[in-house]
Structures are given as C-alpha cells and as structure tokens.
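Participant: Going down the list, the protein sequences come from chains A and B. Last residue of the first sequence? That's 572 in this note's numbering, and every number before it is there in order. Last residue of the second sequence? That's 424 in this note's numbering, and every number before it is there in order.
If you're looking for bench data, these hints aren't it; they were derived computationally from the structure. Keep in mind that this is a model prediction, so the values were computed, not measured. Where hints are given, some of them may not hold.
Part of the chain A face toward chain B, derived, beta carbon under 7 Å [unchecked claim]: (1) Asp222; (2) Ile300; (3) Ala515; (4) Cys526; (5) Leu527; (6) Val530; (7) Gly539.
Note that CB positions come from ideal geometry on N, CA and C, so glycine has one too.
Chain residues, written in single-letter form:
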Amino acid sequence: MNKVAKKRFLPVVAVLLVALVALPLLTACSGGGESTVTGGSGQDKLYIYNWEDYIDTALIDEFSAYYEEVTGRSIDVTYTTFDTNETMLTKVQKGDANVDLICPSEYAIEKLMRGGYVRNLTELVDDLGDEYGMTFDNLGNIEPDVRTAISAVFGDIPTGNGTSGNMLDYMVPYMWGTLGILYNKSVVSQEELDKYGWGVLWNAGNNPELEGEILLKDSIRDTYCAAVMYLRDYGMLPEGNSPSLGKPYTEMTTAELINSTDDALLDAVEKVLIEQRDHISGYEVDFGKDDMINEIVYVDLAWSGDALWAIEESYDEETEDYTLGYYVPESGSNIWYDGWIVPTTVRNELAAVMFIDYMCRPDSAARNTSYICYTSAVARDKVRSDPDAIAALLDVEYLWYASSEECELYTDSEGNLVFYYDWGDGEPYYLDADGTDFDGDADALTAFEAATDEEGYWLDGEGEYIVDADSMNLFFEDTARYAEITDSLGIMRDYGSANDRVVQMWERIKAGAETPWELIWCLIAVVLIVGGGIGLYFAREAFKRRPRRVVSAAAPAKDADGSDKKAD
Amino acid sequence: MTSATAVQAKPRKRFKITKRVFAYLYVLFMVLFVVLPLVMILVNAFLDDGGNLTVENFKTFFTEESSLIILGNSLFVGVVTTAICLLIGYPVAYKLSRMSSGKILVLFFILPMGINFLIRTLATKAIFIAMDVTLGMGTVLFGMVYNYLPFMILPLHTSLSSIDKSYIEAAQDLGADRSTVFLKTVLPLSVGGIMSGITMVFIPTISTFAISQLLSNGKIFLFGDSIQTKFDQGLYGVGSIMSLVMLAFVLISNFLMNRIGKNNNVGVGRSLW
Chain A
5 MNKVAKKRFL PVVAVLLVAL VALPLLTACS GGGESTVTGG SGQDKLYIYN
55 WEDYIDTALI DEFSAYYEEV TGRSIDVTYT TFDTNETMLT KVQKGDANVD
105 LICPSEYAIE KLMRGGYVRN LTELVDDLGD EYGMTFDNLG NIEPDVRTAI
155 SAVFGDIPTG NGTSGNMLDY MVPYMWGTLG ILYNKSVVSQ EELDKYGWGV
205 LWNAGNNPEL EGEILLKDSI RDTYCAAVMY LRDYGMLPEG NSPSLGKPYT
255 EMTTAELINS TDDALLDAVE KVLIEQRDHI SGYEVDFGKD DMINEIVYVD
305 LAWSGDALWA IEESYDEETE DYTLGYYVPE SGSNIWYDGW IVPTTVRNEL
355 AAVMFIDYMC RPDSAARNTS YICYTSAVAR DKVRSDPDAI AALLDVEYLW
405 YASSEECELY TDSEGNLVFY YDWGDGEPYY LDADGTDFDG DADALTAFEA
455 ATDEEGYWLD GEGEYIVDAD SMNLFFEDTA RYAEITDSLG IMRDYGSAND
505 RVVQMWERIK AGAETPWELI WCLIAVVLIV GGGIGLYFAR EAFKRRPRRV
555 VSAAAPAKDA DGSDKKAD
Chain B
152 MTSATAVQAK PRKRFKITKR VFAYLYVLFM VLFVVLPLVM ILVNAFLDDG
202 GNLTVENFKT FFTEESSLII LGNSLFVGVV TTAICLLIGY PVAYKLSRMS
252 SGKILVLFFI LPMGINFLIR TLATKAIFIA MDVTLGMGTV LFGMVYNYLP
302 FMILPLHTSL SSIDKSYIEA AQDLGADRST VFLKTVLPLS VGGIMSGITM
352 VFIPTISTFA ISQLLSNGKI FLFGDSIQTK FDQGLYGVGS IMSLVMLAFV
402 LISNFLMNRI GKNNNVGVGR SLW
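Using the sequences plus the hints, can you model the full thing?
Facilitator: Okay, structure coming up:
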C-alpha cells in the first residue's frame with residue numbers, strides 16, 4: 005500500500021523539482037527582444053541593453069571589427085532591448101539584467117545611481133586608460149551645452165554608500181530631445197500655434213476640423229508635462245504658494261513646475277485632462293506617427309525624434325512640401341537626455357567603454373541620428389566638421405552635392421565658399437559652407453571659378469564635389485533637431501514617492517468621469533427586446549385561452565409576434 | 152531462484168510505459184505555466200516595494216474610487232456584450248441547427264476565429280476610421296460582440312443540434328403550437344448550451360484589454376487595461392490584487408453558471424463544458 009502510494013507520489017515530486025529548477029532559467033530567458041548580432045564563438049562578450057530601434061544596427065558589427073582590430077580578440081555583441089524605462093528599472097533592480105551597458109533616460113539613471121547600481125565611468129575610464137594604455141578621446145565629443153544642462157540638475161546625486169556624485173561621471177549622453185506638438189500644416193496654422201501654444205492640444209481655438217482629432221501620449225510623464233504647461237499658459241495654475249517650494253506657482257520655472265507633484269497641482273492637472281477627453285481622439289504610444297502621416301488625426305503630442313521621422317515620411321510629391329510640422333511652444337517644455345551607463349554587474353569593462361567611445365565618434369553619431377532621427381549628444385560642430393560624418397550623411401541623402409542649377413558660388417575675402425540661392429519665391433539668401441547664415445558683406449564677394457560635371461554639379465579645384473550648403477542648413481540648423489537649450493526647457497526628474505499618487509490620478513483620467521451612455525442605451529435596448537418578447541408571449545397565452553372553449557382543429561396562426569427568441 | 156525472478160520482475164515494471172506517462176508532460180506544463188504564475192501573483196499581492204509582508208495593496212485597491220469605477224464599467228461591458236451575443240447568437244444557432252447544411256454554415260462563423268484576434272481588431276479599427284466613425288464605447292462594444300460571437304454560437308449550436316427530434320415531434324403530437332414547443336421543449340433542453348455560451352463570452356470580455364484599447368484609442372479603460380498599467384508602472388502589488396479580483400469573478404461566474412446549468416439541465420442538452 006505504502007509502496008504504491010510512494011510510487012505515484014514520486015513522479016509528482018520529480019515534476020515539481022524540475023519545475024523549480026527550470027523556473028529561474030525560464031524567467032532569465034524571457035522578456036525583451038534578444039539578438040546576438042555577431043554570431044558564433046567570440047573570445048569576449050558584450051551585452052548591451054538599449055531602447056528599441058535606437059541604434060543603426062550596422063554599427064554593432066563595425067564595432068566588433070574595430071574591437072578585434074584594437075585588442076586582437078574577437079567579440080560577440082548581444083543586443084537586447086526594452087520598451088519603457090520602468091521595464092528596464094525592474095529588471096536591473098531585481099538583478100535580472102546581466103548586461104555591460106544600458107542606455108536609459110536621465111530620471112531612470114538617477115534612480116539607478118541612488119540605488120548604487122551604476123559604476124563611476126570617469127574612474128573606470130582612467131583605470132582602463134592606465135591598464136591598457138588607451139585614450140578614449142571621443143568621449144570628449146559631447147555637446148558642452150548638454151553637459152552643462154545635465155550637471156545643473158543632476159550635479160549632486162547620493163549614490164547609496166554615503167557618497168554623492170555628478171551624473172556626468174556616471175553616464176555618457178547618447179541622444180536628447182524635446183517634447184512638442186506634431187501638427188498637420190493644412191489644419192493647424194502657424195498663427196494658431198503661436199496664439200494658443202499648448203492649448204492646441206485642448207483645441208482652445210475651437211477649430212472644427214481639429215475637434216476629436218488630437219492624440220495624447222499614453223504615458224503620464226509626458227501628458228502631465230503638457231497639462232502643467234497648459235495651466236501656466238492659460239493662467240489656471242493653483243493659487244497660493246506651493247507647499248513644497250514655498251513660492252507661488254506662477255513664479256516657478258518650467259523645470260520646477262513639471263517636477264512638482266503638490267496635491268493642488270495634481271488636482272488642477274486632473275481637471276484639465278478630464279476636460280480634454282471631450283476634444284481628443286485618444287491616447288497612444290506607438291501608432292501616433294502613422295496616424296499623423298495618414299492624416300487620420302491632425303495633432304499629436306510627440307517627442308522630437310519621432311516627430312522628425314514622421315515629418316520626413318510626410319513628404320507630399322504633389323505640393324513638394326512636408327504635410328507635418330513640429331512645434332515646441334515658446335513658453336516651455338520638457339527636455340530629456342538618454343545616456344550610456346555601465347552597471348556594477350559589468351563583466352567586460354573594456355568592451356563597454358570602447359563601445360561608448362565608438363558611439364561618440366562623429367560619424368557614428370551622424371549615422372545614428374540619420375537612422376533613428378533623434379538628436380545625438382555629440383556636439384553639432386564636431387559632426388559638421390568631420391569628413392566621415394558628412395560622408396555618412398551624404399550616403400543616406402540627408403546631404404547632397406551642390407548643383408549649378410540651384411546655387412551660385414562665391415568666395416569671401418578669406419577664401420571661404422559662400423553659396424547664393426534664389427528660388428524665385430521669397431528673398432534670395434547667402435549661406436556659409438557649414439549651412440549657417442552668411443553675415444559678411446555680400447558686395448565684397450567674388451565669383452568662384454568652378455567647373456561643373458556634365459550634370460551640372462559643382463566641382464572644386466581638385467575636381468571633388470561640393471556639399472550643398474542648403475542641405476547642411478536643413479540638417480544642422482533645424483530647430484526641431486537641434487533645439488536651443490534654454491531655461492524654458494525643463495528636465496523631468498523621477499516622481500519618487502509621489503509615483504503612486506500620480507499613477508492613480510492617471511487612472512482616474514483614463515477611466516473618465518462621464519457615464520458610459522452607449523452602454524446604458526444598449527442595456528435598455530436589450531431589456532426592451534427581452535421584455536417585449538416575454539410580454540408578447542403572455543399576451544398570446546391570454547388570447548389563446550379565451551377561444552379554447554370553441555374547440556378548433558385549425559392550426560394556430562403563424563407566429564408573427566416578432567420576438568427575437570422565435571427565429572423560426 | 153526466487154531472488155533471480157525478483158530481479159527480473161523489477162526492471163520490467165520500471166520500464167512499463169503506461170498511459171499516465173504521456174500526461175506527465177502536460178502536468179509539467181501546467182505546473183510551470185498555470186500553478187506557478189498563480190502562486191507568484193498570490194505572493195506578490197502581499198508584498199510591498201521592499202518585499203515586506205503587507206495588506207496595504209488590498210486597501211489601496213478597495214479604497215481607490217477609480218479602480219472600482221473601472222471594475223464596474225468592465226462588468227457592465229461584460230454583461231451587455233454577453234446579452235447582445237446571446238440575442239444574436241441564439242436565433243442564428245437555432246436556425247442553423249434546423250438546416251441540413253447547418254454544420255457547414257457554422258464553419259463560416261468559426262472561420263474568422265482562425266485569424267488572430269489582434270489582426271481582426273486592427274482591421275476593424277481601419278474600417279471604422281475609413282467610415283469616419285468616432286471611436287468610443289460604441290466601437291468597443293461592436294468589437295467585443297464581433298470577437299466573442301463565435302464563442303456563443305458554437306456551444307449553442309452543439310446543444311441545439313443534439314436535441315432529439317422526437318421530443319419536438321412528441322410535443323407537436325400533444326397539441327403544442329410552435330411557440331409552446333420552443334418555450335417548453337427546445338429552450339429548456341438548450342439551457343446547458345446557453346450557460347456555457349455565457350461563460351465563454353462573459354469571462355473573456357471582463358478581462359480583455361487589447362480590444363478596448365485599440366477600438367477606442369485608449370479612451371475606454373477597462374479592468375484589463377488597468378492591470379496592465381499597474382504592471383507597467385511597477386506597481387506589482389496592486390496589479391496582483393487586481394488579478395486576484397479578476398480570478399475571483401471568473402470563479403464566481405463559473406460556479407453560478409454551473410449551478411444554474413445543473414439545476415435546469417434535464418440531461419439531454421449537451422454542452423461544450
């Protein structure tokens with residue numbers, strides 16, 4: 005008896021044991037798209053954890069070749085992705101992310117630094133430099149304005165073990181951008197944008213075409229920022245002093261406002277966002293760009309990179325113009341920075357730092373920027389003056405060669421090239437070769453003696469093609485791509501302990517305050533149909549009972565009561 | 152001699168492949184993907200951020216007005232969807248069960264189920280946009296009914312077509328007119344099918360999240376959406392509680408349906424369950 009019971013029990017125990025062993029393996033494999041980019045058996049390994057679609061993937065292969073060339077060792081790069089900072093944070097904090105490099109947003113880096121999950125990169129670079137005799141010069145290519153902006157906000161972050169540090173010692177900026185309004189030029193005019201600012205998202209101008217054709221981000225951080233800016237633009241900020249900062253809301257800077265989670269402000273935001281529900285089409289995180297390009301909606305709250313991508317796609321062959329535009333209201337907005345960090349769990353320090361360094365090369369920056377449309381943190385002037393970067397941009401047709409059909413060439417007194425454009429409509433203008441406006445004396449210019457090829461492209465003295473200054477201007481002087489970093493753009497930090505309250509407010513907004521009338525009507529209709537059927541049945545029964553005394557052999561009349569239950 | 156036979160007998164027994172052995176793989180699957188996740192949800196429900204034991208998550212969920220409104224809305228949507236599915240599905244299933252080609256026609260109702268529901272829902276959305284229909288509760292309800300109607304028709308058809316024709320003939324012989332035959336014979340015999348149809352529609356509708364999100368551009372927020380947000384924002388505790396609440400509703404409705412089905416089922420109407 006006992007033996008039989010034991011035998012039956014054993015397989016179950018075995019199964020449970022196997023399950024327990026298999027579980028950690030399964031969870032380790034799950035989550036995030038994982039792809040080993042370079043195949044096979046490299047001597048070294050590098051694990052990268054980045055946003056989806058956030059790199060020109062060809063660069064990873066090229067890095068492997070570069071690594072082998074420098075160190076003489078082959079390397080396998082495993083590239084995994086995450087879709088939100090929160091997913092990444094949970095994985096890292098639970099110790100499930102065994103990676104060498106991560107690229108989160110600034111507020112997530114702050115959180116990780118506070119938890120002591122991040123290696124000090126400055127020290128690491130010094131150590132590696134001493135050990136291998138290498139210099140990682142490209143790390144110095146980062147835009148100084150970006151460094152200043154990050155340092156100003158995250159200059160002193162406690163790093164867990166009683167010390168504190170500047171975030172710049174822990175991260176290398178990779179991409180940055182702004183939050184703004186992606187709009188359809190045929191529906192929303194520039195005047196409307198200037199007049200209503202963030203109010204466009206509330207259809208403040210009562211534009212009948214725009215009503216119900218607005219998309220918001222299905223992410224509280226971004227929508228919260230837009231709502232706070234709207235409150236300020238329209239003088240609807242709560243009255244009195246902010247309990248957390250001790251000064252009136254109206255005197256707070258953009259950064260202070262979008263980071264404030266006072267109850268009064270949360271209530272005001274909740275109110276306007278619930279009001280907004282009547283004017284919008286919905287909330288999105290992924291299909292907004294496509295809906296904008298297909299002109300299903302006309303306004304979308306968007307990040308600069310996504311917006312630039314959508315604008316490029318919206319080129320209309322007929323009008324020879326882009327149907328979409330991107331606008332950051334002058335009153336202020338959110339600016340964000342994503343950067344590379346090396347977690348404390350790093351196993352291949354050298355490869356990690358070399359990869360960051362490789363990403364900071366001007367040509368890598370140019371390729372990433374043209375590939376994903378976000379703005380690289382590598383200084384604009386470094387990219388502009390780097391021949392490899394220019395070649396990369398020429399490859400993907402962001403830049404093109406100057407043609408004698410479009411421009412005339414001049415040289416100024418110092419021998420620099422100056423381009424002259426006259427398109428027939430609007431003022432003719434002069435541009436320097438780097439795409440900036442020519443601010444010298446136009447009369448002092450002398451015509452440049454240049455040859456053209458058979459198709460009319462200009463050739464310089466050595467017979468090389470010349471990069472068109474107008475294309476340089478379109479790429480490097482685009483304010484959507486290279487926004488001017490001012491105080492009106494605020495960095496958003498982590499909500500910290502207020503996170504739960506903010507999420508709850510967001511749920512209330514998403515749930516909506518209105519009664520679901522469609523549902524009630526449907527229910528009433530269903531009740532009416534069922535009730536009608538039952539009523540008809542009883543009426544018939546009552547009717548039938550009476551003539552029963554006169555016994556009739558005739559079959560009952562054909563059903564015609566229309567009850568849904570009687571389909572035949 | 153005796154010891155030798157014992158040795159021989161033993162390995163024979165050990166390597167015997169019984170039918171039960173084939174079930175072990177599924178048992179393993181069940182433990183890994185059904186039992187363990189449930190245990191993890193249960194554990195998470197009682198843990199706070201720091202991993203300490205707490206009942207705070209319960210309090211958060213049951214005191215937060217919006218969560219309860221969302222739950223109420225979801226149940227409401229579930230009830231309405233089920234009612235509409237039943238109203239449309241029953242006549243269709245009844246008609247099909249009376250037709251000789253009914254079995255083939257049922258295929259037409261089941262065929263769309265072969266396409267992934269996400270693709271179907273995206274296609275529905277595209278059609279609505281092309282027709283310039285405002286996305287909202289109406290479109291969500293349409294999507295729900297469209298997606299779950301086959302789940303109603305299938306069990307109804309099975310139970311209706313398995314009703315013995317002689318019962319109906321007997322009723323007619325005894326002088327019942329068509330409506331009486333239907334109400335006193337066909338309807339009671341198909342209660343089993345109705346109950347499994349309701350269960351198969353109601354339970355998925357209260358937990359759905361993709362349909363409501365896609366067909367309303369995220370403006371209609373149901374319980375499933377709320378759970379997803381909770382997990383997205385790292386609020387595992389409250390999210391787990393909500394999953395448990397959902398599970399409770401599933402179990403309750405299953406239990407109720409079984410009870411009603413048992414009380415009314417005369418034992419003839421076959422159901423899918």
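Participant: Any hints from earlier that this structure breaks? Give me their numbers in increasing order, please.
Facilitator: 7
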